[in-house]
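Student: Listed below are the residues making up each chain.
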Amino acid sequence: DAKTTQPPSMDCAEGRAANLPCNHSTISGNEYVYWYRQIHSQGPQYIIHGLKNNETNEMASLIITEDRKSSTLILPHATLRDTAVYYCIVRPWFYNQGGKLIFGQGTELSVKP
Amino acid sequence: IAGITQAPTSQILAAGRRMTLRCTQDMRHNAMYWYRQDLGLGLRLIHYSNTAGTTGKGEVPDGYSVSRANTDDFPLTLASAVPSQTSVYFCASSEGDRSTDTQYFGPGTRLTVL
Numbered sequence: 012d013a014k015t016t017q018p019p020s021m022d023c024a025e026g027r028a029a030n031l032p033c034n035h036s037t038i039s040g041n042e043y044v045y046w047y048r049q050i051h052s053q054g055p056q057y058i059i060h061g062l063k064n065n066e067t068n069e070m071a072s073l074i075i076t077e078d079r080k081s082s083t084l085i086l087p088h089a090t091l092r093d094t095a096v097y098y099c100i101v102r103p104w105f106y107n108q109g110g111k112l113i114f115g116q117g118t119e120l121s122v123k124p
Numbered sequence: 582i583a584g585i586t587q588a589p590t591s592q593i594l595a596a597g598r599r600m601t602l603r604c605t606q607d608m609r610h611n612a613m614y615w616y617r618q619d620l621g622l623g624l625r626l627i628h629y630s631n632t633a634g635t636t637g638k639g640e641v642p643d644g645y646s647v648s649r650a651n652t653d654d655f656p657l658t659l660a661s662a663v664p665s666q667t668s669v670y671f672c673a674s675s676e677g678d679r680s681t682d683t684q685y686f687g688p689g690t691r692l693t694v695l
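Chains as they are written, first to last, in our numbering: chain C, 12 to 124; chain A, 582 to 695.
No wet-lab data here; the hints were simulated from the structure.
Heads up, a few of these hints could be off.
[Claimed, not checked] A short list of chain A residues far from chain C (calculated; beta carbon distances all over 12 Å):
# : residue
1 : Ile-585
2 : Gln-587
3 : Tyr-616
4 : Thr-683
[To be verified] Here are a few chain A residues that face chain C, going by a calculated C-beta distance under 7 Å:
#  : residue
5  : Leu-624
6  : Gly-634
7  : Pro-642
8  : Tyr-645
9  : Gly-687
10 : Gly-689
Backbone N, C-alpha and C define an ideal beta-carbon position, used for all residues, glycine too.
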């Protein structure tokens with residue numbers, strides 16, 4: 012699986028958009044970009060995933076560059092409850108025996124009043 | 582719908598004791614997983630099951646065993662606990678074992694082995 016690089020921490024003001032970057036320069040054509048987050052002491056929570064098109068759901072938007080070497084997760088109106096560690100993960104689309112998720116260190120997002 | 586439940590929430594265990602962590606899901610998902618999370622190491626896969634009746638080893642299986650007698654339950658057993666197994670354990674499930682299947686996680690079990 013391709014390696015991802017994320018900043019270790021970021022701050023965001025409450026009500027503003029939080030833009031979390033992820034570099035995945037070695038991504039291959041059959042790998043999806045996934046985002047999960049983990050709020051303190053809770054289990055990881057799925058946010059969104061995409062292959063090459065931008066995606067949006069009720070939680071966030073995912074912007075993937077045309078060359079697919081990087082992506083940005085956007086939380087449009089961050090709240091204090093969005094304070095968490097955010098993980099960017101790349102996974103191949105074909106059957107991946109074991110289906111394991113490889114979690115890196117993630118970005119610790121702090122939303123401040 | 583409860584999703585995934587894990588029990589116990591936390592446990593302190595003497596080294597050498599046997600312990601079973603329970604995991605139950607009510608989503609009728611085929612695939613289930615056990616991860617451990619340690620500070621600085623992220624989440625690592627211990628064992629997985631693609632469907633009832635089958636199991637497989639993940640990255641760190643030593644010292645752990647699992648069984649999958651039915652779709653809903655996936656217990657994790659430590660036959661003889663050691664202090665290095667002190668960790669937070671998360672159970673997860675997904676509809677299938679394809680990489681595009683989203684994994685849903687339980688609330689975790691915090692285990693301390695003394």
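Student: Determine for every hint whether it applies to the structure shown.
Tutor: Going through the hints against the structure:
{"no.": "1", "hint": "Ile-585", "verdict": "8 Å, violated"}
{"no.": "2", "hint": "Gln-587", "verdict": "8 Å, violated"}
{"no.": "3", "hint": "Tyr-616", "verdict": "8 Å, violated"}
{"no.": "4", "hint": "Thr-683", "verdict": "5 Å, violated"}
{"no.": "5", "hint": "Leu-624", "verdict": "4 Å, holds"}
{"no.": "6", "hint": "Gly-634", "verdict": "16 Å, violated"}
{"no.": "7", "hint": "Pro-642", "verdict": "11 Å, violated"}
{"no.": "8", "hint": "Tyr-645", "verdict": "15 Å, violated"}
{"no.": "9", "hint": "Gly-687", "verdict": "5 Å, holds"}
{"no.": "10", "hint": "Gly-689", "verdict": "5 Å, holds"}
Comparing the model with each earlier hint shows violations of hints 1, 2, 3, 4, 6, 7, 8; every other hint is respected.
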